[in-house]
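2 protein chains.
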Amino acid sequence: MANAEGQWKQVLMLERLLQANELIAERLRERLTDAGVLLINMLSSPGSGKTTLLEATVKALSDKLRVGAILGDVATERDYERLSAYGVPAVQIVTGGECHLEAAMVEQAMHRLPIENLSVVFIENVGNLVCPAEFRLGEHFRVTLLSVPEGEDKVLKYPHAFRTADAVLITKVDLLEHVRFNVELAEGYIHSLNPNARVVKLSALTGYGLDEWLSLLLEWHKDVLQRVEL
Amino acid sequence: MANAEGQWKQVLMLERLLQANELIAERLRERLTDAGVLLINMLSSPGSGKTTLLEATVKALSDKLRVGAILGDVATERDYERLSAYGVPAVQIVTGGECHLEAAMVEQAMHRLPIENLSVVFIENVGNLVCPAEFRLGEHFRVTLLSVPEGEDKVLKYPHAFRTADAVLITKVDLLEHVRFNVELAEGYIHSLNPNARVVKLSALTGYGLDEWLSLLLEWHKDVLQRVEL
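Residue numbers (the working numbering), protein chains in the order written: chain A, 1 to 230; chain B, 1 to 230.
Bound conformation, chain A alone:
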């Protein structure tokens, strides 16, 4: 029974880890709420367009909200370089093999951002639809991206990432005419798991849907500011 006992210990340790993570996440969220800073956790597969969307968002938002970013990657600092080029205060977390970010990593990274000058901080999680869904990072809102070349069935295959999202962004819709992707079916899958999820169709390339996404960000930022007043 050594094996069963080992497995039991593993389950216990994972539970403790998740509990500790929740506590840190809660502390971080409160701190940002007090500062009036909206925190958004972005989840997706590798290459579904998180950084490109952030670039487009920063360009469009610059006069309305001041943006900062925390970028999680297994290796490389490429996203940091891309966003710094836009003048975005950014911190790169290189996890060195870890498949997700945890709240403690984000809390530490936050010390290196000038949050007193920011209105919104985006966390680009590690590109992975499985593990990151388990860990809250103190975000006020969670966004999961699904790019059309991935196929609409990914919603059902990786349900936790879509069930826990406040908004699902269907990205790269400029490719719809070149790939098999049924938008209606995708929306049906998303709402079957998560009836209240906002769904926004986007192309950072053509600008399609960007206005809707920016309105959502402004609405969420207002929501955080109202929480401070309460």
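No lab work stands behind these hints, which were simulated from the structure alone.
Certain hints may be false.
Unchecked claim - Using 25 angstroms as the maximum straight-line C-alpha spacing, the simulated DMTMM-like pairs for lysine to aspartate or glutamate come out as follows:
no., chain 1, residue 1, chain 2, residue 2
1, A, K59, B, D223
2, A, K222, A, E177
3, B, K201, A, D174
4, A, K59, A, E15
5, A, K201, B, E219
6, A, K64, A, D211
7, B, K64, B, E116
8, B, K59, A, D153
9, B, K201, B, E116
10, B, K59, B, E219
11, B, K64, B, D211
12, B, K201, B, E55
13, B, K64, B, E177
14, A, K59, A, D153
15, A, K201, B, D174
16, B, K64, B, D223
17, B, K201, A, E177
18, A, K64, A, E177
As the list claims (entries may be wrong) - Computed footprint of chain B on chain A, listed as stretches where at least three residues anywhere in the stretch have a Cβ under 8 angstroms from a Cβ of chain B:
no., region
19, 57 to 68
20, 75 to 83
21, 192 to 203
If you're wondering where the values come from, they're calculated on a predicted model, not measured in any experiment.
C-beta: ideal position from N, C-alpha, C; glycine also.
Here the structure of chain A is known, so what remains is to put chain B in place on it, guided by the hints.
Only chain B this time, still in chain A's reference frame:
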């Protein structure tokens, strides 16, 4: 110091888990080598085209190699249904939250395949470029897919999956004219990490590169048959 001790225990447990996995993987590989069955472990992001490539492979190979499949998914049995429609003996492993397959899961699934009638078994790992790279599943050869919409920088961002691959398949090349993807740069990144990796450019939609991929499979199958003779 309770925290440091906890972390140390976690590292120890992960090491033991990986060691146990290696032993099972080795046992499984030997069993399949003796049976003359080529075992291939396929890694990729969600939606990079593993199942579509398998469908095309089965259609093209039917008179040359008899194909079986083991399909790993966090949820759903969709890939099982897709491949069964082609008459492929297939077993679905639904991991229920786990982000990767382990050798013990594959060994158990193998009991439900008629391996005495097969020449090659493909394992479709969970769509994830991080965790699956750590776990050997008894494969003779490992294949990592990179679809062009993901961008060539994913090679550097998820290096372990590309460093440990025997072949890297650049998929969906029919989309090259619609997305930013530099094939030469991708090949350079792959070979900087893994000088001996074979790189095959593929489109399961148009059939581009399929012949090269099928030749590689026949060559690998021959290689396994020769191991039996040794």
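So, going through the hints one by one against the coordinates:
1. A:K59 x B:D223: violated (54 angstroms)
2. A:K222 x A:E177: violated (36 angstroms)
3. B:K201 x A:D174: holds (23 angstroms)
4. A:K59 x A:E15: violated (41 angstroms)
5. A:K201 x B:E219: Not satisfied, since the Cα-Cα distance of roughly 44 angstroms exceeds 25 angstroms.
6. A:K64 x A:D211: Within the cut-off at roughly 13 angstroms; holds.
7. B:K64 x B:E116: holds (16 angstroms)
8. B:K59 x A:D153: holds (23 angstroms)
9. B:K201 x B:E116: The given pair, whose Cα atoms are some 32 angstroms apart, is violated under the 25 angstroms limit.
10. B:K59 x B:E219: holds (18 angstroms)
11. B:K64 x B:D211: holds (13 angstroms)
12. B:K201 x B:E55: At roughly 17 angstroms apart (the allowed maximum being 25 angstroms), E55 of chain B and K201 of chain B satisfy the hint.
13. B:K64 x B:E177: With a Cα-Cα distance of about 34 angstroms, the restraint between K64 of chain B and E177 of chain B is violated, given a limit of 25 angstroms.
14. A:K59 x A:D153: violated (32 angstroms)
15. A:K201 x B:D174: The given pair, whose Cα atoms are some 23 angstroms apart, holds under the 25 angstroms limit.
16. B:K64 x B:D223: holds (15 angstroms)
17. B:K201 x A:E177: Status holds; Cα separation ~22 angstroms.
18. A:K64 x A:E177: Distance ~34 angstroms between K64 of chain A and E177 of chain A Cα, so the pair is violated.
19. 57 to 68: With 0 residues close enough to chain B, the hint is violated.
20. 75 to 83: Coverage by chain B holds for the region 75 to 83 of chain A (3 residues, Cβ < 8 angstroms).
21. 192 to 203: Per the Cβ count (0), the hint is violated.
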